[in-house]
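Line by line, the protein sequences are chains C and Z. Heads up, the first sequence is in our numbering, so the first residue is 54 and it goes up one at a time. Heads up, the second sequence is in our numbering, so the first residue is 925 and it goes up one at a time.
Possibly wrong hints are sitting among the right ones.
Stated by the list, open to error - Short derived list, chain C residues pointing at chain Z, Cβ under 7 Å:
hint, residue
1, Cys69
2, Arg79
3, Thr85
4, Arg113
5, Met116
6, Asp120
7, Gln124
8, Pro127
9, Asp140
10, Ala145
11, Val147
These aren't lab readings, by the way, just hints derived from the structure by calculation. Ideal Cβ positions, reconstructed from N, Cα and C, are used throughout, including at glycine.
If you want the building blocks of each chain, they are given just below.
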Amino acid sequence: MHKLIGPVLHAFGLSCRRFNELASLRLDVPLTFKERISFTLHRMVCSICRPMPRQLARLRAWMLATDQADQDNPAPLPQEVTTRIRDALDKAKVSE
Amino acid sequence: MQAHAPNPPFGIEELLAEAPALYRYAMTRMSDHHHAEELVQDCLITALRKPEGFSGTSSLRTWLIGILRHKILDHHRKTTRTPTMNAMSPHPEDSHDPLDKLFDKHGSWVINPHAGMEVFQESPDESAHRQDVMNWVRRCMALLPDRWRKLFGARELDQLSVKEAAEIAGVQPASAAVLLTRARHQLRDCLQNHAIG
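Modelling step: build the complete structure from the supplied sequences, incorporating the hints.
Encoded structure:
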């Protein structure tokens, strides 16, 4: 399907590259009517690009999960960093 | 309004116990570990001096991360305003487009975008490769150009509006969505190159 329709889509500016730009842009800004039509048409005919919006959504989910895991189970700090922070807190406590 | 006890519900030891989580939170959003450490110190000193801000309705860590988040965003705003950074002007790294190596001149894929990305069909909670993927997410985030990382972190992790994220990263609001797209695809490409799936 893609091989047959792909060149036609590209001729109308509906390339895979443009689809993937729009797949990301729509996460940040509303697409114009023309962009929405391009995006929908390309998704209908291109099996390679069709899963990409979901892949980008999963990427976001993985980033948020990684950030949360870092807060829930952080790696220990190097001893010298802990010592510097402790010294700064002791100093702040004394100067209160 | 909850009455506060004469003695705060935490001391230096309790605050220090939260330092690793705060430091990791800061390092995800900053490129310089010295600045990250300074802001963690600053956050803990603020908590020590103003314990009445802790209502006890959330955990100590959640409260501290809220303080640190504001300090990091303020820090980014201040650094992007310094004349030496000339942050709102075009920057060489902004002209790099990672999509150039993924598509040919006609806009067709030159790679298989799904090879090695099977893990991204899974939710992070269900994946058996959770730790490996997270390690690569950290590494690939760290490889983003500094301004892209600030912009991307503010938008994706702190979930700020595009306008607010642009202000923090020191980029023009009009170009923020384009740079976010580049950052997203560079991160995707980096993860695929390591074939974690």
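Hints, verified against the model:
1. Cys69: holds (5 Å)
2. Arg79: violated (9 Å)
3. Thr85: Constraint on Thr85(C) not satisfied, violated at 13 Å.
4. Arg113: holds (6 Å)
5. Met116: Since chain Z brings a Cβ to about 6 Å from Met116(C), closer than 7 Å, the hint holds.
6. Asp120: holds (5 Å)
7. Gln124: This hint holds: Gln124(C) lies near chain Z, its Cβ roughly 5 Å from the closest one there, short of 7 Å.
8. Pro127: holds (4 Å)
9. Asp140: Asp140(C) check fails; min Cβ-Cβ to chain Z is 9 Å, beyond 7 Å.
10. Ala145: holds (4 Å)
11. Val147: At 11 Å from the nearest chain Z Cβ, Val147(C) fails the 7 Å test, so the hint is violated.
The structure fails to meet hints 2, 3, 9 and 11 from the earlier list, while all remaining hints are met.
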